[in-house]
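Novice: Hey, can you work out the whole structure from these sequences and the hints?
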Amino acid sequence: MLFHIDDLPVYFPYDRIYPEQYAYMCSLKQTLDAQGHGVLEMPSGTGKTVSLLSLIVSYQQHYPEKRKLIYCSRTVPEIEKALAELKRLVEYRKSCGLNETILGLGLTSRRNLCLHPSVSKEKKGKVVDARCHNLTAPWVREAAQAGQDIETCSFYEELERGDVRELVPDAIYTLDDIKELGKAKKTCPYYMARRLLSHANVIIYSYHYMLDPKIADLISKELSKDSIVVFDEAHNIDNVCIDSLSLDIMRPTLEASSKSIAQLSERIETMKQQGSEKLKNEYEKLVQGLQDTLAARDEESIMANPALPDDLLHEAVPGNIRKAEHFVAFLKRFNEYLKTRLRVLNVTAETPSSFLRHLKEITFIERKPLQFCAERLSLLTRTLELNNLDDLASLQRVAALATLVATYDKGFMLVLEPYESENATVPNPILRFACLDASIAIKPVFERFSSVIITSGTLSPLDMYPKILDFKATVQESYPMTLTRNCFLPMVITRGSDQVAISSKFEVRNDPAVVRNFGNILIEFGKIVPDGIVAFFPSYLYMESIIAMWHEMGILTEAWKTKLIFVETPDSAETSIALDNYRRACENGRGAILLAVARGKVSEGIDFDHHYGRAVVMFGIPYQYTESRILKARLEFLRDEHRVRENDFLTFDALRHAAQCLGRVLRGKTDYGLMVFADRRYARQDKRSKLPKWINQYITDTSVNLSTDMGIAIAKKFLRSMAQPLETQAQLGVSLWTLDDVLARQKAQKEKLERVGGVHQQLQQQYGAVEAQRMMQARASGDVYMEVD
Amino acid sequence: MWEAGETVAAQGVTVYRKRPGFLYFTNRRLAWVPEGGLAPTVSVKHDEIKVQYVSQEGATSTTLRVAEFKPDVKHTFQFTSSSAIQEREAIKDLISHIIHDRLLRASAGGASSANGTPGPSGGSGASPGASSVMSDASAPGTPKAPLQARMGGLGPAGLRRGVNGAGSVDVEMQTRRALLAQNRELSLLHTELVVGKHISENEFWETRKSLLRNKAAIDQQQKGQSSAWLDLKPQTGESNDVKYVMTPQVIHSVCQQYPSIKRAYDQFVPDKLSEAEFWKRYFQSRFFHRSRSGRGANEPDDEIFDKALEEDEEETKSAPKRIKLDHINRLVDLSTTEEDHLESYLTPDGTMNAGKTKESKEAMPLIRRFNRYAQRVLNSTIGPKRPFTGPESLDMSGVERAIVMEDLQEQKESSKIVLNIQDTRRYFESQGGDMKSSKIPDGVDPEDILKHFYRDYTSHEVVLNKPFVIPENTFDMLMRNVKSNRAKLLPPKDGSQLLPPHLYQEALSCHAAGNEILRHFWASTSMDKAAKHLRMIESLKKIRDENVKSLMIQASSLGTDCLDSMKMMLKPMLNSIQKALKHADSRPKPPVRKLA
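Chain order of the listed sequences is A and B. Those letters in the first sequence? Residues 1 to 789, per UniProt numbering, in order. Those letters in the second sequence? Residues 1 to 596, per UniProt numbering, in order.
Hints listed in this document are in silico derivations from the structure and should not be mistaken for laboratory results. Treat the hints with caution; some may be incorrect.
[Said to hold, decoys possible] Chain B regions said to be covered by chain A (calculated; three or more residues, Cβ under 8 Å):
1. 322 to 331
2. 362 to 373
[Unchecked claim] Residues from chain A that face chain B, not an exhaustive set, calculated with beta carbons under 7 Å:
3. Tyr14
4. Asp15
5. Pro77
6. Gly125
7. Ser378
8. Thr381
9. Ala548
10. Lys561
11. Ala578
12. Leu579
13. Ala585
All figures in this text were calculated on a predicted structure; none of them were measured in a lab. Glycine included, C-beta positions come from ideal geometry on N, C-alpha and C.
Specialist: Written out as structure tokens, the structure is:
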């Protein structure tokens, strides 16, 4: 359908639209118009992606600026789905008679795209990257061109021969399409995609490509300033930010980096003996490179890199690391220092500045040369024309630590843990360099791009994200779900049929009565729910111990009688097979039970819609491991910096994961499913209030404090009524709008605006023109929409 | 060679008493003509065939043995042509058909006087025929190998014999009996009608073929292997001895759960170890105790099972190194994501780091075993997953299915059959209600009425400043209407509340019987079923004059209320019977009468 929001024609590739989608698009447009950032929470499974894409593509194509859309998602299957949606949308626009050229494509790692006959057989991404590098590094190619017998990659060579723009016609390329195109043209799909990024109108990739400084610097830094950046499924974005700037150092890491250092110095020796000019020119290159970066940053043509702060660019490279051999010696000293630190057998936690002070006392290493470490190392590896970068990973990690620890004194923390777990006796020390401030990694993104949209099905409470990511949101919205029939039933089971309260609280979680009651929930739901059931546990550890206990109690034998059982394992390939089999079991016969972990791989990005999940059970509340020192440090940081209370943050974090797990059960309003919260603590208001509005709105008083048998009775009734055929006619106008409904809504809204025109003037007198405009807009989009239900 | 009107339905090249010849199955008899002969030397009328036996499929010779009702007269034909089996099957089917028919007729008992064949049983009842056939089958003189009677006692395999020989009759009888035993109402009706000799057994089932077919299908459906996780529990005997019972199902489950046991089984049984010996050693082995309780006790060493245990532990200890992910749906392929973002430099915190603690080292093999067992169960029932042949198209459709939201698309109107009314005018008139009631009474000029209305309409004045009074009688009228509507809404008292339960039941079964006979009555209106038609008329009359009457008398003894409700209950049926009888009277008399 085609409708207008204000003056913007929006092509929506369906005949009907959910009211949520319409409201969502209105808010989106408002955000884009204001060139500001937005936080939008939209119910899971109501077609967020398609609304987002259709509005932004319409917006992009309507205005002459043609702002680029950078859509970041979480997992590769989600990227794949978004690309398919985009393709469908563009086909729809074509079918509406629009004559436009849109280039859209997705990017993923070499491992998923490679066509090279032997390299593509590798299973590990790291190995693929290293082997690709060995075939495509400039010096390798130079040597090959000079006639040496060195293997290169024919696909890459083919790409180098032609112009990418000429090679690739404007269209939408899914990951598969780009691979097919590569096959057809015999060119490397990965580099083709990377080179096309700067030309593309729509880019879809994982948000690591935007947030992780190591990758972002390679791929995303040149994307234009007025791009629209969307983080979809962004409920976990703060953790991604933190992860991308945190690192762990262990003994094997240091051993490996010692080895690499030795290799480097050997290599330098041989180069010297060959009398190569390269080493001599190296320093000039470094200085030149830094200056180029500085110039580019000043012109705002590239994005900042949190691991290479601006002030560094203004400074001269310290003398003691200018020469290659000096730098290697410097690295060696630092590495040895870290080794001695790991020998300490008690837990220590310190700030970067105290670490630096201690470092200086022992080794006389100054802060400044440390800051340059990462940049200097990458230059050195290029100069030395090193292959097998894979081997250098550990050393790179050490260098990254050096740079980060010397750059930031706030928002980071060093924790040394000599033992892996509390009851371990053999020391296996880990030096954790933990980022506590999620805003550091995402800061360049907010600074560079004018519109950044953060969206997901579970972002409640909305004001948390602007706080912890440190940005100002122009639009902040959460939409309720309009339903003609209550197609999902959230229920809180607080006790078993024997009235023993159930909880995953640490003190009681292994109590046999609690474990048995959890098990009974599984058995009973297994008996009444058709097709698939997914059950989530708060952690791997807990899942493992509960499965062992259930097996001993005979609970699983009971559950096996009604359904097949599949379990998530730490190995992703193994889990993928289990998932695939789970879906086959749901398609044939009585269905299956999938046991998974709330923060695990299955909980992210796998949909359990329709028969793949008629019930999702959340056993306990997925709190983080609160004894973790890093978490404690982060909580402290949040309290001091953002005034977020520890408990608030922990509950927020736990419930967003719980809601995320449970939300995957729905896709569209014809789907239906049960959401079972199995923990006593969910009955409390403080927990429930942190659930997304759209779930909370359907938790009724009757379903908030149930025992297992009561829950089963309600679920039975629900499933029976849901299995009845659904009349679309009943939904029309309420939870499903046709074009007429949209137009009627817009008309009513306009009339209302005219009616409150007087109010506008009043407001203008009171608050001034700009403010009044903003308030009116808020009324126009949010308030009017709220009257729908 | 053939009698007038005789036609050959099937034939075969056979050897009979070491003489070659041809076996014919005609519409009257089974006949054998020697090669070169003109007249059949063996001739068995359909009604004389008692039972047939056939050699097993795959036996060295293809034979058919037919026994007559005359004691000890049996004929054995050996089919010799290249298509021996087909010929034999054709004749066999035909014979089984007539035996089947006869048995059905016979079971209907004396009520069926259609032919005077000496039935194997003279009695009338639900299914006496079946049992007598069975005793015949096991009578002395049953041929031994290579002629193996394919009839026998009832066993699980019996149902599959449905196509073979007299077995089908046997099976059908079984089915009928089972149906009657399961369905009380049906059995009541059966007693009422068949035992009450209103209709014959055959006629009764004629209208219930679907029930029989359904039941047979249910019975024939094989139960699949249980998917449940095997929990081998010993049976404890009196003297505290422990006994494990191994059924094929249990063996299957053990093999599914522990592939290493299956490998050992395939390797050693039955060449090196007997099956019993194998399982005996299994129960004594460390493997068994470890897998059951998780604790290896001090069992003696056992080469086979210790090796199997080792293999099993090796398999479940860690994730398999090389897993092919090509054939799985890309939307659930987690490895693409994991390998998309290279090494985060982080190790997950303790609770998320699986496989590290002591408990998890115990749990992980169990989890792997679960996943693999479930996969094997799936594969054994729906077959292993084959890699896609055309990866692009199939995979894409998977993604497509995951993204397209169906309820947002305009549903295409499902094709409907347009009601085509030939004479629309008549149709709408009939829908318009009773025209007579709105007729203008005689002596009133329509003109006048119109004028009156017109005057009323034009002269009507709305007086808004006066209070509007509703006349008293309007209220009364309204009240009456409301009351009568209310009375209509109340559920009327019916027989189930008024009548005593036994009488109510009787009325119900009488009603059911009447309807059944009515059905048979209307089904037999065609000329060729005249005899049945007459019988049905009799039955209807009987129902009307005897059963209904007796019910009425019983009801009237309980009071007028009961009588009324009884009348109300039976009225529709009585009306139908009346109509049916009227129809029968108006119908031209069946030709039988004319002949008489």
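Novice: Evaluate each hint against the coordinates.
Specialist: Tested hints:
For the segment 322 to 331 of chain B, the proposed coverage by chain A is satisfied: 7 residues have a C-beta within less than 8 Å of a C-beta in that chain, meeting the threshold of three. Taking a C-beta to C-beta cut-off of 8 Å, the segment 362 to 373 of chain B contributes 8 residues in contact with chain A, enough for the three needed, and the coverage statement holds. Here the hint on Tyr14 of chain A is kept, as its CB sits about 4 Å from the closest CB of chain B, short of 7 Å. With its C-beta approaching chain B no nearer than about 4 Å, Asp15 of chain A sits inside the 7 Å limit, and its interface hint holds.
For Pro77 of chain A, the interface hint holds, the least distance from its beta-carbon to any beta-carbon of chain B being 4 Å, beneath 7 Å. Residue-level restraint check for Gly125 of chain A holds (minimum Cβ-Cβ distance to chain B is 3 Å; threshold 7 Å). The interface hint given for Ser378 of chain A is violated, since its Cβ lies 15 Å from the closest Cβ of chain B, which is over the 7 Å cut-off. Violation of the interface hint for Thr381 of chain A is found here, the shortest Cβ-Cβ separation to chain B being roughly 16 Å, above the 7 Å cut-off.
With a cut of 7 Å, the hint placing Ala548 of chain A at the interface with chain B holds, because the nearest CB-to-CB distance is about 4 Å. At a threshold of 7 Å, the smallest CB-CB gap from Lys561 of chain A to chain B is about 5 Å, leaving the interface hint in force. Hint on Ala578 of chain A holds. Least Cβ distance to chain B is approximately 5 Å, under the 7 Å limit. Below 7 Å, beta-carbon pairs count as interface contacts, and Leu579 of chain A has one with chain B at about 4 Å; its hint therefore holds.
Of the supplied interface hints, the one on Ala585 of chain A holds, with its beta-carbon coming within about 6 Å of a beta-carbon of chain B, less than 7 Å.
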